[in-house]
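*Asks:* Let the sequences and hints guide you as you build the complete structure.
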Amino acid sequence: MDPRSEVLLRQAELFTGSVLLAGLPADDLLHNLPDASGWTWHFGDHRHLGQRFGARTTFGVTPPEAETDTAVLFLPKSRELTDYLLATLASRLTGKLLYLVGEKRGGIERAARQLEAFGKPQKLDSARHCQLWKVRIEQPVPAPDLTSLAQRFTLDLADGPLQVVSLPGVFAHGRLDRGSALLLEHLDGLPSGHLLDFGCGAGVIGSWLKRRYPASQVSLMDVDAFAVEASRLTLAANNLEGSVFAGDGIGDAPEALVGIISNPPFHQGVHTHYQASEELLRQAHAHLERSGEIRIVANSFLRYPPLIEQHLGSCQTLAEREGFRIYRAGKR
1 MDPRSEVLLR QAELFTGSVL LAGLPADDLL HNLPDASGWT WHFGDHRHLG QRFGARTTFG
61 VTPPEAETDT AVLFLPKSRE LTDYLLATLA SRLTGKLLYL VGEKRGGIER AARQLEAFGK
121 PQKLDSARHC QLWKVRIEQP VPAPDLTSLA QRFTLDLADG PLQVVSLPGV FAHGRLDRGS
181 ALLLEHLDGL PSGHLLDFGC GAGVIGSWLK RRYPASQVSL MDVDAFAVEA SRLTLAANNL
241 EGSVFAGDGI GDAPEALVGI ISNPPFHQGV HTHYQASEEL LRQAHAHLER SGEIRIVANS
301 FLRYPPLIEQ HLGSCQTLAE REGFRIYRAG KR
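Its first residue numbered 1, the sequence shown is counted upward by one per residue in UniProt numbering.
No wet-lab data here; the hints were simulated from the structure. Mixed in with the good hints, there may be bad ones.
[Stated by the list, open to error] Quick list of in silico lysine-lysine cross-link-like pairs, PhoX-like style, CA-CA up to 20 Å:
| id | residue 1 | residue 2 |
| --- | --- | --- |
| 1 | Lys123 | Lys104 |
| 2 | Lys120 | Lys96 |
| 3 | Lys77 | Lys104 |
| 4 | Lys96 | Lys77 |
*Replies:* Laid out in C-alpha coordinates, this is it:
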(Lines of atoms letter the chains of each structure in order from A; the text may use other names.)
(Lines give C-alpha, C1' and ligand atoms only; values in the text may rest on other atoms or scores of the structure.)
Protein backbone atom coordinates (compact mmCIF):
# COMPACT_ATOMS: atom_id res chain seq x y z
CA MET A 1 0.00 0.00 0.00
CA ASP A 2 1.28 3.45 -0.91
CA PRO A 3 2.17 5.42 2.26
CA ARG A 4 -0.12 8.27 1.18
CA SER A 5 -3.01 5.83 1.02
CA GLU A 6 -2.08 4.52 4.46
CA VAL A 7 -2.35 8.05 5.84
CA LEU A 8 -5.84 8.42 4.33
CA LEU A 9 -6.96 5.13 5.83
CA ARG A 10 -5.83 6.30 9.26
CA GLN A 11 -8.63 8.87 8.85
CA ALA A 12 -11.03 6.57 6.97
CA GLU A 13 -14.08 7.98 8.76
CA LEU A 14 -13.57 11.23 6.82
CA PHE A 15 -13.90 9.51 3.47
CA THR A 16 -17.28 7.81 3.52
CA GLY A 17 -19.80 8.63 0.81
CA SER A 18 -18.83 9.78 -2.68
CA VAL A 19 -15.15 10.73 -2.61
CA LEU A 20 -13.09 11.60 -5.68
CA LEU A 21 -9.46 10.49 -5.35
CA ALA A 22 -7.45 12.57 -7.82
CA GLY A 23 -4.04 11.27 -8.87
CA LEU A 24 -4.44 8.18 -6.71
CA PRO A 25 -1.78 5.46 -6.72
CA ALA A 26 -2.48 2.07 -8.27
CA ASP A 27 -2.98 0.22 -4.98
CA ASP A 28 -5.84 -1.13 -2.84
CA LEU A 29 -7.23 2.22 -1.72
CA LEU A 30 -10.42 1.94 -3.78
CA HIS A 31 -11.01 -1.50 -2.28
CA ASN A 32 -10.83 0.01 1.20
CA LEU A 33 -13.07 2.97 0.26
CA PRO A 34 -15.89 1.21 -1.64
CA ASP A 35 -17.90 4.37 -2.35
CA ALA A 36 -14.92 6.33 -3.71
CA SER A 37 -13.97 6.87 -7.34
CA GLY A 38 -10.63 7.66 -8.93
CA TRP A 39 -9.34 10.15 -11.49
CA THR A 40 -5.83 9.79 -12.87
CA TRP A 41 -3.78 11.30 -15.67
CA HIS A 42 -1.26 8.43 -15.64
CA PHE A 43 -2.32 5.83 -18.21
CA GLY A 44 -0.48 2.96 -16.56
CA ASP A 45 -2.18 3.61 -13.23
CA HIS A 46 -5.53 3.95 -15.00
CA ARG A 47 -5.11 0.61 -16.74
CA HIS A 48 -4.13 -1.16 -13.54
CA LEU A 49 -6.98 0.38 -11.56
CA GLY A 50 -9.45 -0.21 -14.36
CA GLN A 51 -8.63 -3.91 -14.44
CA ARG A 52 -9.55 -4.15 -10.76
CA PHE A 53 -12.22 -1.51 -10.27
CA GLY A 54 -13.70 -1.00 -13.73
CA ALA A 55 -15.64 2.22 -14.33
CA ARG A 56 -14.80 3.57 -10.87
CA THR A 57 -11.70 5.18 -12.41
CA THR A 58 -11.35 7.72 -15.21
CA PHE A 59 -8.39 8.99 -17.22
CA GLY A 60 -7.86 12.46 -18.66
CA VAL A 61 -7.05 16.11 -17.99
CA THR A 62 -10.44 16.94 -16.43
CA PRO A 63 -12.27 15.20 -13.57
CA PRO A 64 -15.43 13.16 -14.12
CA GLU A 65 -18.66 15.12 -14.30
CA ALA A 66 -20.43 13.26 -11.48
CA GLU A 67 -21.01 15.26 -8.30
CA THR A 68 -18.94 14.30 -5.27
CA ASP A 69 -19.18 14.98 -1.54
CA THR A 70 -15.47 15.65 -1.21
CA ALA A 71 -12.18 15.19 -3.05
CA VAL A 72 -8.61 14.25 -2.23
CA LEU A 73 -5.67 15.39 -4.34
CA PHE A 74 -2.54 13.27 -4.22
CA LEU A 75 0.19 15.87 -4.61
CA PRO A 76 1.88 15.81 -8.06
CA LYS A 77 5.46 16.92 -8.61
CA SER A 78 4.66 20.12 -10.52
CA ARG A 79 3.56 23.25 -8.65
CA GLU A 80 1.78 24.56 -11.77
CA LEU A 81 -0.12 21.30 -12.15
CA THR A 82 -1.05 21.40 -8.46
CA ASP A 83 -2.52 24.89 -8.97
CA TYR A 84 -4.67 23.65 -11.86
CA LEU A 85 -5.81 20.48 -10.09
CA LEU A 86 -6.71 22.26 -6.86
CA ALA A 87 -8.69 24.89 -8.73
CA THR A 88 -10.57 22.43 -10.92
CA LEU A 89 -11.49 20.31 -7.90
CA ALA A 90 -12.41 23.35 -5.78
CA SER A 91 -14.72 24.61 -8.54
CA ARG A 92 -16.94 21.57 -7.87
CA LEU A 93 -16.81 21.65 -4.08
CA THR A 94 -18.39 24.91 -2.92
CA GLY A 95 -19.20 24.52 0.77
CA LYS A 96 -17.40 21.18 0.88
CA LEU A 97 -13.99 19.90 1.91
CA LEU A 98 -10.93 19.44 -0.29
CA TYR A 99 -8.04 17.34 1.00
CA LEU A 100 -4.38 17.30 -0.02
CA VAL A 101 -2.03 14.41 0.77
CA GLY A 102 1.60 13.99 -0.15
CA GLU A 103 5.08 13.01 0.87
CA LYS A 104 7.22 15.38 2.88
CA ARG A 105 10.08 15.02 0.41
CA GLY A 106 7.59 15.80 -2.36
CA GLY A 107 6.97 19.24 -0.85
CA ILE A 108 3.62 18.73 0.86
CA GLU A 109 4.22 21.51 3.41
CA ARG A 110 4.96 24.00 0.63
CA ALA A 111 2.02 22.76 -1.41
CA ALA A 112 -0.32 23.11 1.56
CA ARG A 113 0.15 26.86 1.29
CA GLN A 114 -1.49 26.67 -2.13
CA LEU A 115 -4.69 25.72 -0.30
CA GLU A 116 -4.79 29.25 1.15
CA ALA A 117 -6.35 30.46 -2.11
CA PHE A 118 -9.56 28.68 -1.07
CA GLY A 119 -9.70 29.05 2.72
CA LYS A 120 -7.73 28.32 5.87
CA PRO A 121 -5.76 25.06 5.55
CA GLN A 122 -5.62 22.63 8.46
CA LYS A 123 -3.15 19.78 8.92
CA LEU A 124 -4.93 16.60 9.97
CA ASP A 125 -2.22 13.98 10.13
CA SER A 126 1.49 13.36 9.71
CA ALA A 127 2.68 9.77 9.34
CA ARG A 128 4.56 7.45 6.97
CA HIS A 129 6.68 10.50 5.97
CA CYS A 130 3.48 12.05 4.58
CA GLN A 131 0.99 14.71 5.61
CA LEU A 132 -2.76 15.13 5.15
CA TRP A 133 -4.31 18.63 4.92
CA LYS A 134 -7.83 19.94 4.39
CA VAL A 135 -9.57 23.17 3.45
CA ARG A 136 -13.25 24.06 3.20
CA ILE A 137 -14.21 25.77 -0.07
CA GLU A 138 -16.30 28.62 1.32
CA GLN A 139 -16.71 30.69 -1.86
CA PRO A 140 -17.45 29.57 -5.44
CA VAL A 141 -14.26 29.00 -7.45
CA PRO A 142 -14.34 29.45 -11.24
CA ALA A 143 -13.33 26.34 -13.18
CA PRO A 144 -9.90 26.95 -14.74
CA ASP A 145 -9.44 26.83 -18.50
CA LEU A 146 -6.53 24.45 -19.04
CA THR A 147 -5.52 25.89 -22.41
CA SER A 148 -5.31 29.38 -20.90
CA LEU A 149 -2.66 28.01 -18.53
CA ALA A 150 -0.51 26.77 -21.41
CA GLN A 151 2.92 28.23 -22.00
CA ARG A 152 3.42 28.94 -25.68
CA PHE A 153 6.88 29.55 -27.09
CA THR A 154 8.73 29.44 -30.39
CA LEU A 155 11.78 27.34 -31.18
CA ASP A 156 14.04 28.84 -33.84
CA LEU A 157 15.21 25.68 -35.55
CA ALA A 158 17.43 25.28 -38.60
CA ASP A 159 14.44 24.64 -40.89
CA GLY A 160 12.30 27.42 -39.43
CA PRO A 161 10.33 28.31 -36.29
CA LEU A 162 8.32 25.67 -34.46
CA GLN A 163 5.45 26.67 -32.17
CA VAL A 164 5.23 24.73 -28.90
CA VAL A 165 2.27 24.52 -26.53
CA SER A 166 3.23 23.21 -23.10
CA LEU A 167 0.71 22.39 -20.35
CA PRO A 168 1.24 22.30 -16.57
CA GLY A 169 2.91 19.09 -15.43
CA VAL A 170 4.44 18.26 -18.80
CA PHE A 171 8.17 17.53 -18.83
CA ALA A 172 10.31 20.66 -19.33
CA HIS A 173 7.18 22.83 -19.10
CA GLY A 174 7.64 26.05 -21.03
CA ARG A 175 11.12 25.34 -22.40
CA LEU A 176 13.17 23.04 -24.61
CA ASP A 177 15.31 20.75 -22.46
CA ARG A 178 18.96 20.22 -23.39
CA GLY A 179 18.53 16.56 -24.25
CA SER A 180 15.76 17.19 -26.76
CA ALA A 181 17.70 20.10 -28.24
CA LEU A 182 20.62 17.80 -28.94
CA LEU A 183 18.37 15.08 -30.33
CA LEU A 184 16.76 17.51 -32.78
CA GLU A 185 20.19 18.14 -34.29
CA HIS A 186 20.68 14.44 -35.12
CA LEU A 187 17.47 13.27 -36.77
CA ASP A 188 18.47 13.49 -40.42
CA GLY A 189 18.46 10.43 -42.65
CA LEU A 190 15.63 8.54 -40.99
CA PRO A 191 13.95 5.80 -43.07
CA SER A 192 10.66 6.60 -44.78
CA GLY A 193 7.60 5.09 -43.14
CA HIS A 194 5.92 5.07 -39.75
CA LEU A 195 7.83 7.05 -37.09
CA LEU A 196 7.10 7.07 -33.35
CA ASP A 197 7.91 9.81 -30.84
CA PHE A 198 8.00 7.72 -27.65
CA GLY A 199 7.41 9.78 -24.48
CA CYS A 200 6.36 12.77 -26.56
CA GLY A 201 5.93 15.37 -23.80
CA ALA A 202 4.75 18.59 -25.42
CA GLY A 203 5.19 17.10 -28.89
CA VAL A 204 8.36 18.91 -29.96
CA ILE A 205 10.12 15.89 -31.45
CA GLY A 206 7.00 14.45 -33.09
CA SER A 207 6.01 17.78 -34.63
CA TRP A 208 9.51 18.30 -35.99
CA LEU A 209 9.50 14.79 -37.45
CA LYS A 210 6.22 15.40 -39.26
CA ARG A 211 7.50 18.68 -40.69
CA ARG A 212 10.86 17.17 -41.71
CA TYR A 213 9.31 13.97 -43.13
CA PRO A 214 5.85 15.02 -44.35
CA ALA A 215 5.29 11.81 -46.33
CA SER A 216 5.85 9.66 -43.24
CA GLN A 217 3.17 8.67 -40.77
CA VAL A 218 4.08 10.06 -37.34
CA SER A 219 2.69 8.82 -34.03
CA LEU A 220 3.23 10.46 -30.64
CA MET A 221 2.75 8.51 -27.41
CA ASP A 222 3.02 9.38 -23.72
CA VAL A 223 1.83 7.90 -20.44
CA ASP A 224 0.60 11.30 -19.23
CA ALA A 225 -2.76 12.77 -20.28
CA PHE A 226 -1.45 16.34 -20.07
CA ALA A 227 1.43 15.47 -22.41
CA VAL A 228 -0.99 13.86 -24.87
CA GLU A 229 -3.15 17.00 -24.87
CA ALA A 230 -0.11 19.29 -25.17
CA SER A 231 1.17 17.29 -28.16
CA ARG A 232 -2.18 17.64 -29.92
CA LEU A 233 -2.07 21.39 -29.32
CA THR A 234 1.52 21.65 -30.59
CA LEU A 235 0.69 19.76 -33.77
CA ALA A 236 -2.33 21.99 -34.37
CA ALA A 237 -0.30 25.15 -33.72
CA ASN A 238 2.00 24.14 -36.59
CA ASN A 239 -0.78 22.91 -38.92
CA LEU A 240 0.58 19.38 -38.74
CA GLU A 241 -1.18 16.04 -38.52
CA GLY A 242 -0.17 13.10 -36.38
CA SER A 243 -1.64 10.31 -34.30
CA VAL A 244 -1.42 11.14 -30.59
CA PHE A 245 -2.39 8.61 -27.94
CA ALA A 246 -1.74 7.49 -24.37
CA GLY A 247 0.25 4.34 -23.71
CA ASP A 248 1.99 2.66 -20.81
CA GLY A 249 5.36 1.82 -22.31
CA ILE A 250 6.57 0.49 -25.63
CA GLY A 251 4.19 -2.48 -25.43
CA ASP A 252 1.37 -0.10 -26.41
CA ALA A 253 3.22 1.20 -29.47
CA PRO A 254 2.27 0.31 -33.05
CA GLU A 255 4.21 -2.35 -34.92
CA ALA A 256 5.93 -2.05 -38.31
CA LEU A 257 7.71 1.17 -37.32
CA VAL A 258 10.71 2.36 -39.27
CA GLY A 259 11.91 4.64 -36.49
CA ILE A 260 11.49 5.04 -32.74
CA ILE A 261 12.70 8.44 -31.60
CA SER A 262 12.78 9.22 -27.91
CA ASN A 263 13.95 11.34 -25.05
CA PRO A 264 12.83 8.58 -22.70
CA PRO A 265 11.53 9.44 -19.24
CA PHE A 266 13.35 8.31 -16.15
CA HIS A 267 11.44 10.16 -13.44
CA GLN A 268 8.00 9.40 -12.04
CA GLY A 269 6.91 11.96 -9.47
CA VAL A 270 9.84 12.57 -7.13
CA HIS A 271 11.27 9.11 -7.77
CA THR A 272 13.90 7.97 -10.27
CA HIS A 273 12.27 5.35 -12.48
CA TYR A 274 14.08 3.61 -15.35
CA GLN A 275 11.60 0.84 -16.17
CA ALA A 276 9.93 2.47 -19.18
CA SER A 277 13.28 3.38 -20.76
CA GLU A 278 14.80 -0.07 -20.22
CA GLU A 279 11.68 -1.80 -21.54
CA LEU A 280 11.87 0.43 -24.61
CA LEU A 281 15.37 -0.83 -25.35
CA ARG A 282 14.51 -4.45 -24.64
CA GLN A 283 11.31 -4.54 -26.70
CA ALA A 284 11.88 -2.02 -29.50
CA HIS A 285 12.90 -4.75 -31.96
CA ALA A 286 9.38 -6.23 -31.83
CA HIS A 287 7.94 -2.92 -33.06
CA LEU A 288 10.49 -2.15 -35.76
CA GLU A 289 10.53 -3.26 -39.36
CA ARG A 290 13.64 -5.07 -40.56
CA SER A 291 15.15 -1.80 -41.79
CA GLY A 292 13.99 0.16 -38.75
CA GLU A 293 16.12 1.98 -36.21
CA ILE A 294 15.99 3.66 -32.84
CA ARG A 295 17.49 7.02 -31.90
CA ILE A 296 17.42 8.19 -28.31
CA VAL A 297 19.00 10.80 -26.10
CA ALA A 298 20.12 9.82 -22.61
CA ASN A 299 22.20 11.08 -19.74
CA SER A 300 25.81 10.10 -20.29
CA PHE A 301 26.00 8.22 -17.00
CA LEU A 302 23.28 5.75 -18.01
CA ARG A 303 24.80 2.53 -19.37
CA TYR A 304 22.39 2.06 -22.24
CA PRO A 305 24.79 0.88 -25.02
CA PRO A 306 25.17 -2.69 -23.66
CA LEU A 307 21.39 -2.99 -23.37
CA ILE A 308 20.92 -1.63 -26.88
CA GLU A 309 23.50 -4.01 -28.36
CA GLN A 310 22.01 -6.99 -26.53
CA HIS A 311 18.51 -6.44 -27.86
CA LEU A 312 18.88 -4.44 -31.08
CA GLY A 313 22.30 -4.33 -32.69
CA SER A 314 25.45 -2.28 -32.92
CA CYS A 315 25.09 0.96 -30.95
CA GLN A 316 26.52 4.17 -32.40
CA THR A 317 27.09 7.32 -30.38
CA LEU A 318 26.13 10.12 -32.76
CA ALA A 319 26.87 13.03 -30.43
CA GLU A 320 27.75 13.98 -26.88
CA ARG A 321 27.22 17.36 -25.21
CA GLU A 322 26.44 18.81 -21.80
CA GLY A 323 26.09 15.41 -20.15
CA PHE A 324 23.88 13.87 -22.88
CA ARG A 325 24.54 11.36 -25.63
CA ILE A 326 22.63 10.48 -28.78
CA TYR A 327 22.51 6.75 -29.49
CA ARG A 328 21.47 5.07 -32.74
CA ALA A 329 20.94 1.40 -33.47
CA GLY A 330 19.42 -0.43 -36.41
CA LYS A 331 17.44 -3.62 -36.04
CA ARG A 332 19.74 -6.54 -36.79
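*Asks:* With reference to the structure, classify each hint as holding or not holding.
*Replies:* Each hint tested on the structure:
| no. | hint | verdict |
| --- | --- | --- |
| 1 | Lys123 x Lys104 | 13 Å, holds |
| 2 | Lys120 x Lys96 | 13 Å, holds |
| 3 | Lys77 x Lys104 | 12 Å, holds |
| 4 | Lys96 x Lys77 | 25 Å, violated |
Checked against the numbered hints above, the structure violates only hint 4.
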